[in-house]
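Student: Each chain, letter by letter, is given below.
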Amino acid sequence: MLRQVSDKMAMSGLAVEAVDLVKDFGETRAVDGVSLAVPTGTIYGLLGPNGAGKTTTLRMLLGIIDPSSGSRCVLGRERPLEAAPEIGYLPEERGIYPAMHAREAIAFMGALRGLPLAEGRRRADALLAEHDLGDWAKKPIRTLSKGMAQIVQLLGTIVHNPRLIVLDEPFAGLDAINQARLEELIRRETRAGATVIFSTHVIAHAERLCEQIAIIAKGKVVFDGRVDEARSRLSSIVRLRTRATDGPWRAAIPAGARREGPEWVFELPEGGPEPLLKALIDGGAGIETLAIERPGLHDAFVAIAGDKAAAEMGQEKSQ
Amino acid sequence: MMRFIRGAWVIARRDFSATVLSKTFIFFLLAPLFPAAMGGLFGGIGARVASQAERPVVAVVAPRDEFQRLDSARDQLAAAMGEQAVIKIVHYSPESDLAAQQKRLLASRSPPIRAVMSGDLDHPRLVGALGGDPATVGQLKLLIANARVPDDQAAPVLPITDVHSSSGSLAADRVTTAWIAQAALFFLTLMLSTMVMSQLIEEKSNKVIEVIAAAIRIDAMFVGKLFAMLAASVFALVVWICAGALLLQMVTHGGVRSLPTPAIGWPAFLSLAVIYFAMNYLLFGAAFLTIGAQASTAREVQTMSLPVTFAQMLIFAFAASAINAPNSGEALAAAIFPLSSPLTMLARAAEQPELWPHIAAILWQAAWVGLILRLGSQLFRRTVLKSGPRLPWWRFGRAY
Chain A
1 MLRQVSDKMA MSGLAVEAVD LVKDFGETRA VDGVSLAVPT GTIYGLLGPN
51 GAGKTTTLRM LLGIIDPSSG SRCVLGRERP LEAAPEIGYL PEERGIYPAM
101 HAREAIAFMG ALRGLPLAEG RRRADALLAE HDLGDWAKKP IRTLSKGMAQ
151 IVQLLGTIVH NPRLIVLDEP FAGLDAINQA RLEELIRRET RAGATVIFST
201 HVIAHAERLC EQIAIIAKGK VVFDGRVDEA RSRLSSIVRL RTRATDGPWR
251 AAIPAGARRE GPEWVFELPE GGPEPLLKAL IDGGAGIETL AIERPGLHDA
301 FVAIAGDKAA AEMGQEKSQ
Chain B
1 MMRFIRGAWV IARRDFSATV LSKTFIFFLL APLFPAAMGG LFGGIGARVA
51 SQAERPVVAV VAPRDEFQRL DSARDQLAAA MGEQAVIKIV HYSPESDLAA
101 QQKRLLASRS PPIRAVMSGD LDHPRLVGAL GGDPATVGQL KLLIANARVP
151 DDQAAPVLPI TDVHSSSGSL AADRVTTAWI AQAALFFLTL MLSTMVMSQL
201 IEEKSNKVIE VIAAAIRIDA MFVGKLFAML AASVFALVVW ICAGALLLQM
251 VTHGGVRSLP TPAIGWPAFL SLAVIYFAMN YLLFGAAFLT IGAQASTARE
301 VQTMSLPVTF AQMLIFAFAA SAINAPNSGE ALAAAIFPLS SPLTMLARAA
351 EQPELWPHIA AILWQAAWVG LILRLGSQLF RRTVLKSGPR LPWWRFGRAY
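Taken in order, these protein sequences are the chains called A and B.
Anchor point for the first sequence: position 305 equals 305 in our numbering, and the numbering is continuous, going up by one each time.
Anchor point for the second sequence: position 119 equals 119 in our numbering, and the numbering is continuous, going up by one each time.
Simulated from the structure, these hints should not be mistaken for lab results.
Cβ coordinates follow ideal geometry from the N, Cα and C atoms, glycine included.
Heads up, some of the hints might be wrong.
[Said to hold, decoys possible] Residues on chain B that point at chain A, a partial pick, calculated with CB under 10 Å: (1) Arg14; (2) Lys141; (3) Ala213; (4) Ala236.
Whole structure, please, built from the sequences with the hints as guidance.
Tutor: Printed below as a string of structure tokens:
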């Protein structure tokens, strides 16, 4: 039952494929023609500020809601609920029965996905022990801290060894230690052959984990591809500090350069670093420091989604 | 199909455990004691008030031997009609000033006398406030007439040969059984309605609904929840029936065997009672789960409870109207209308011996349970999960 690769998906190499998904809530268009292709066995990030349509897209992919138009194919099935036993899902708003014991909660979530209850309990014990929560196995969820309850729900998401794991804002509410644990858990599941899709508005997580990303803004996918591709849309940044304040070397500084304190900051010219260095040295700049920085995902996000979306994500991050 | 059943089973198992193993379920099991205790309390108060306030007291001013004849006649009437139905008479020896004695007696507070009878049995006279009470006057006339008859002619000897039952007694007994069964079924469903309506509040407030909706079909969740409550209520029902039978055995002569036998016989009747209880519960439960699923908070469920209770009472009244005429057009309509069908058919089982109408009714009710569940889950997806395209009403129940 678990991790049995269907012929169709094995042929396409895609775990999830969505074409022109649209979702309207009354007069509001929450998702506007989203198309995604998630390769099997990868970690795929959905980036975007709150309200961009990430959760709605995930809910459509999982079959919780139907799209107004468009189609989706999840693990080879056009009706996602048919693939439910092979999917694990952690929703953004954590859902768990407060009176249930941690062990039972994990087994219950496994049972919903077709795992026999006894096997679910056995696996729950092992998972809880592995995550230093063995002592809490028979404690009601309401007695656990928020972070611990979230870890319990996450363990319930993977207890049945799903082929596809969908995590909606999984890092929200976790402390730094548990965030690192979660990152490791995601990597481990991927190494075991699972495909992981997670949404986030924290770019750092996507940058560390994802091989592929989709950037969503205002219900539309504005970028879908490898993280490297997103970065490669931007030129490298040069940070230059000189002893001389003026001289012939200034001709080598591009017109769009800006000052950040004592530094000049500008995009690396198309000719590359060597002509720049030669012009600076020949022009008597007196180079104190010169750094060529590869653009981060955040810079790529700003360039792709726009300053406003990036500012929103920055605000959410600080919150 | 197997996945649907498995999904429903997972939900049902969780809900059943969460309900039956909770401390509050003990209060649910004790619930029938409260109406019984209230009935006993208010019944006792009512009986005491009735015995003290309503039975007219007539003062009889007459020689002792004449009063005794009158009192014997009263005892005969009380044996036939019941003690509480017959007027009370109190003896007073005649005094020299009759008018003054009458005036004093009518003003008496203990006992509160309504009228004073004087004179002998052949020429009785009555003084009192009896304008609006012809029953007291009528009873006094009967007592006087009986008291006048010589003792050896007073009570004719009536030899009685007792048989187990007759058509008249059976019909009356079966109507009683029908009433009791229908009322019990109604009150059981009434007790469960609010519980069913609040079934989805927990999932919606905890957001567990997201996890469930991503794993199984919504109608599997509806079915699971409904059957969990059914199992919990059947568990409670068994406890109540056992406790009731034990109580009956202890307090009544003949115990449970003294209950009137239904037309279809006890084994078939009890089996049908369980099936109709299940059907009645599932029909109302499916409807209430659908209504309750629209509510976001317990307060909204409470607000919905009152109109829902009134609607249930109307349906009960509709079903009850068919009890005395199980083959009338009204009874047929009540048997066809899905929400009153189980109540009507259970009453019919007490009154009519045919089995086939029950088979047809059970199939009919089961079809409606399925239909309401399907519509309910569709409505839930559309209104709560905001899912699915807008469909015309005739395609609303389509599979997704």
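Student: So, as I understand it, the hint says arginine 14 of chain B touches chain A; can you test that by seeing if any CB pair is closer than 10 Å?
Tutor: The hint holds - arginine 14 of chain B has a Cβ within 10 Å of chain A, the shortest such distance being about 6 Å.
Student: Taking the closest Cβ pair, is alanine 236 of chain B under 10 Å from chain A?
Tutor: violated, 20 Å
Student: Quick check on alanine 213 of chain B please, does its C-beta sit within 10 Å of some C-beta on chain A?
Tutor: Check passed: Cβ of alanine 213 of chain B comes within 5 Å of chain A, closer than 10 Å.
Student: Quick check on the hint: lysine 141 of chain B CB to chain A CB, less than 10 Å?
Tutor: violated, 72 Å
Checked against the numbered hints above, the structure breaks hints 2, 4 and satisfies the rest.
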